[in-house]
Every structure is written in structure tokens, then in C-alpha cells.
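Peer 1: Chain by chain, the residues run as shown.
2 protein chains.
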Amino acid sequence: MKVTVLTGGVGGAKLVLGLMHSAKVSSLTAVVNTGDDFRHLGLAISPDIDTLLYTLSGKADPAQGWGRESKTWSFMAALKSLGGPGWFNLGDGDLGLHVWRSARLAEGATLSQVTAQAARLWGIAPVILPMSDDPVATWLDTEAGPLAFQHYFVEQQCRPAVRAVRFEGAAKARPAPGVIEAILAADAVLIAPSNPWLSVDPLLAVPGIAAALRETRAPVVAVSPLVGGKAVKGPTSKMMAELGLEPDNAAIAAHYGPVIDAMLHDGSDAAPPGLPARAASTLMTTLADKVRVADEALTLAGTVA
Amino acid sequence: MKVTVLTGGVGGAKLVLGLMHSAKVSSLTAVVNTGDDFRHLGLAISPDIDTLLYTLSGKADPAQGWGRESKTWSFMAALKSLGGPGWFNLGDGDLGLHVWRSARLAEGATLSQVTAQAARLWGIAPVILPMSDDPVATWLDTEAGPLAFQHYFVEQQCRPAVRAVRFEGAAKARPAPGVIEAILAADAVLIAPSNPWLSVDPLLAVPGIAAALRETRAPVVAVSPLVGGKAVKGPTSKMMAELGLEPDNAAIAAHYGPVIDAMLHDGSDAAPPGLPARAASTLMTTLADKVRVADEALTLAGTVA
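Line order of the protein sequences matches chains A and B. Here this note's numbering is used: the first residue of the first sequence is 12, the next is one more, and so on. Here this note's numbering is used: the first residue of the second sequence is 12, the next is one more, and so on.
Same shape as in the complex, but just chain A:
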């Protein structure tokens, strides 16, 4: 099967890794959220793309759950000794990707080109596409005022209650080359178990992507991020409550609306009403878990095709 998956960072990357190792998948394209991208100390950082690159090339840090496996923190120590900002941790190995990407972008390369180059050099077979080469920035309107994504997510550790989420630049952003084609030409499209409001909505806010999901002949299957009414990681259920929603699959299905055709959800949660659904254990700890969840989602896609 030709599979296209829309994804955010850590949780989504687990599904993408499962798809990469699934015998059912003949070709795989990941379309990745770039709403978290930001400039830090002048460096261009793309957290979700980085997570995909690290996860699919075996470089992700299994202990901390994000970033590159890095035994050394000499950069941060030197930066802090100079009074530089300490709230965003960059391992020494991470710096290589960020500095290299920043230099390539300054030379005029697009984020798509830089991402494809890194994937090729690191031996990653799936295609990794940023949702857009144009800048899109996720902002949260919170009780503590407006916060750029990383300040909310990392610096404030998701503490302030969220009132709304918006995606600056999204209305003018164009899908990156290949994104619409990958959705239209797929045999199945999956939406990874990333935070719908923070990690998937930026993708849907880029003009053309939601329309392509409705138009494609492929079934579109969302994998719910909930396990027992909570996200495995991150603020999904806390945010849902702050937005006045029940932390259940009905609310997530209602949020996605007509862009999805079915939902794979954890057996500990109720199925969304009125939508084709399949229950499975969706916790992805081992590689075997990841492949199994990927296969479950593709099985569900087969039944609604």
C-alpha cells in the first residue's frame, strides 16, 4: 500500500516508525507539522521534522522522549556561562542539524530540500515532507496572555490554561511540493495520534490540505491520541478540558469532522458515535507495538475503502 501520514512530533513519529516497518506498506510519505518551528539564538529549529529524522534514522533519545540521543551538553553549559537562555535544551548532537539547516536555508534552500537532503544522508527511506515551506507559527492564547508554541510547551510546560490556538501565516502558506499529490495518490491516509489542536490543526490550516483529505479516494483514518481518556504524553486532555470539551473520542471525531472517514482508538475508550471505528491497544512502547498499531489502522482503512 502507498500510505501517507499526517503527523506531529513524538507520538506521531512512533506510528510513522511502525508504518516504516510494516509489511503492508510499500511506500510511505510523512507530512509533518511545522507550526512548532521557530528561531532560537538565530538557529532554525523544526522540532517535529527533527523528531521524524531522529526517530526514523535511529538517533532519537529513548530516555527523554525528544531530541537526539546526546550524551554531552557542553554547548548548553557554555551558553549558560555566558548568560544565554537555558529554557530550551539543545544537545551537542542536535546543534549539528540546527546549524547545518540554518546555513542551508540562508543559502536559499527550502525546508523541503533541506529535509530531503538530511533524510537521504541519514538513510531514511520514507519521504518526509514539511507541511509547507512557508513560515507558519502556532500561537496559544492563554490565561497568561499570548504565547508562542515553544514558550507554552517548553518554557511554561503547558501550565497556562488555553483559550484558543491560532496559526500565524497559515492562511498564506502553500503546501510544500508533493504534499497534495501524496494525499491524493495514497491508498490510505492516516492522521497520527498527535495532539489534534496543536499538532494536526496546523496541517489542516494550510489551504489545500483539508480539501485534499476530503477529495482523496483513499480512506482517511485518524488514530486517536487518547488512551484511557488521556494522551500518552503532552497536554491533549488538559487542553480539551480548557477548551470546554470532554476528553473523549467523540470530541476528537467531531473536531476532525468530514476530513476523516474512520478512527482507530484505544480499547479503553469509547468509540466515537456515527463514525466507522476500530478498537485496539494503541499504546506504542516497543517496535512491535508500533508496527501492530500501524497495521490495525491500515486494516481499518481497508474496511472503509
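Worth flagging that the hints you see were computed from the coordinates, not collected in a lab. Some clues are possibly wrong.
Which copy? The list can't say, so a pair holds if one copy fits it or any two copies do.
In the DSBU-like style, the derived pairs of lysine-lysine whose C-alpha atoms are separated by at most 30 Å in a straight line are [said to hold, decoys possible]:
1) Lys70 with Lys244
2) Lys70 with Lys91
3) Lys70 with Lys82
4) Lys82 with Lys244
Note that the structure is a prediction, hence the values are computed from the model and not measured.
Following the hints, put chain B in place on chain A, whose structure we already have.
Peer 2: For chain B alone, kept in the frame of chain A given last:
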């Protein structure tokens, strides 16, 4: 004594460290060559200023003789895995300074301000001044064509024969704040045993600096970089031969001409004719050596004052 020293990188920094620990010195200002400064991967790198900062704060690498003591090279490994340039080695600890400085400069700070801030945070008592806040770039016309300094010095390891050296931007550069004052108000001015053509000439090419050396009431003492007709490190004697000069103190004294009043030279080399001079062992291995050479230079300054 109030001492001002004009210096390049590694060799010069040894003398500055000696001056810092000399009982004769009550206040010390180092005016540092920035002709080696360059942008690498978008980062602002100031090799000679960095060497001073590392040396005077006890962070220099005693083994490799340049850069910050760094046990880890994760950045370079990641950079090379992405096809990035490997010819300029940056330790993980170095990145902290380079990234921080680049971000501060992008915010509008001057190189003087950034350097002073780093020196303060790292507890360095002497004043470290870049020769200029304006860009000056040392270029070498070689048998292999024109080469920017770092490409000649690091990438080509000083192999191509040098025909001429020039300092792009120098004619329009202004001395950094405090430079002229530090030369005019000193009790003694030293020129460190750096390469006269590569590391000291950029300083002299900034309009106003050579004039201040001639005008100051302080004696100006050059410490010769030669020990037994060769530089301790670097291409001084090789370059002198390529420029048609004998590798001796007479040629160095003739090159400096009226900007110096005296020369401290190694006992293994002949004194320059027609110039007050003092012979000493100028090899600086231990800290005691460095203090002794500093004191010898200041003693000579006292005799010509």
C-alpha cells in the same frame, strides 16, 4: 604599570597571560586582531578574541594549542553526517560562544560589547578590545590564488607560498572604542610575539592605531616571535622567506619601523641593528615562563622610557 598589548592569537595570548600574572602590571588592556574573523555556517567566529577569552579564563585547550578545552565533538560528527564542512573543527563547548555571540550581534550589539560581556561573565580582569567593531578580513595572495585567512591557515595549513597579504575593509575601519585611548594612556605598550604580517599588520592597518603608537609617550616594545630563526608555531619564517626576507629580527624590526622603540628577542637570535634591544629566553611553556617574558619586556620598556 598600565600596560597595553597588541596581540594576535595563541602566541600572543601567552604573553598576555604572563602580563595578567605579572606583579609589575596594575592594569592591562589587550587590543586584539580581528582580521581572522569570519562567518562559518552563519556563525560569527573571532579566533583571536576567542583565544584570549579562553586563555585568560583558564578554558584554553593545552593539548591542541587553540580553541576551548573540549572533550566532546558531537557537533562535528553530526555536521559531517549531513555533508557539512569538516575543515574547521568546532568543539561542542566552542559552539556556545559562537552561537551566543552571533545572536548578540544579530540583536545589534557590537563586537566590543559582546567581548566585554563574555570577559565579565567569565571573570577576566584585563580589558579585551577588538581592534575594530568594523569588519576587516585578512586575505592572502598566494601561488594558489587569493585565499581568505582561515582557508589559508586551517584548510590549506599554510602550504601555498604567499606573495602578499591584504586587509579588506581596513581602510574604512575605525578603531574600537577605547583602543586609541589605551595606547595613548599606557605606561608601556607591547606588541606580542604574534606573526607580524598576519596578526599584527591588521591592527596597524586600522587608521589611527599606528599613529597612536608613534604618538604615545609610552615606550613601544615588540616581542619577537622568532626563537632560533623560526616561529614557535605558525608560518612566520616560511612566509618571511616567501616574501623575500631573511627570517631574522633585523627584518622584523625593519618591518615595524617607527612604530616600535625597542625589541625583546630570544637569546638564540641576533639583535636587530640600530634599535634598543634585550635578549632573553622567550619560549613560553610554563606560566612562570610567560610571567618572566612579560617582565623582561616591561624591564626593556623601562630602559627606553
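Peer 1: Now tell me if each hint is right for this structure.
Peer 2: Going through the hints against the structure:
1. Lys70 with Lys244: Close inside one copy (20 Å), not across copies (40 Å); limit 30 Å.
2. Lys70 with Lys91: Cα proximity of Lys70 and Lys91: in one copy and across copies (25 Å, 15 Å).
3. Lys70 with Lys82: both (12 Å within a copy, 21 Å between copies)
4. Lys82 with Lys244: within (23 Å within a copy, 34 Å between copies)
Of the numbered hints stated above, none is contradicted by the structure.
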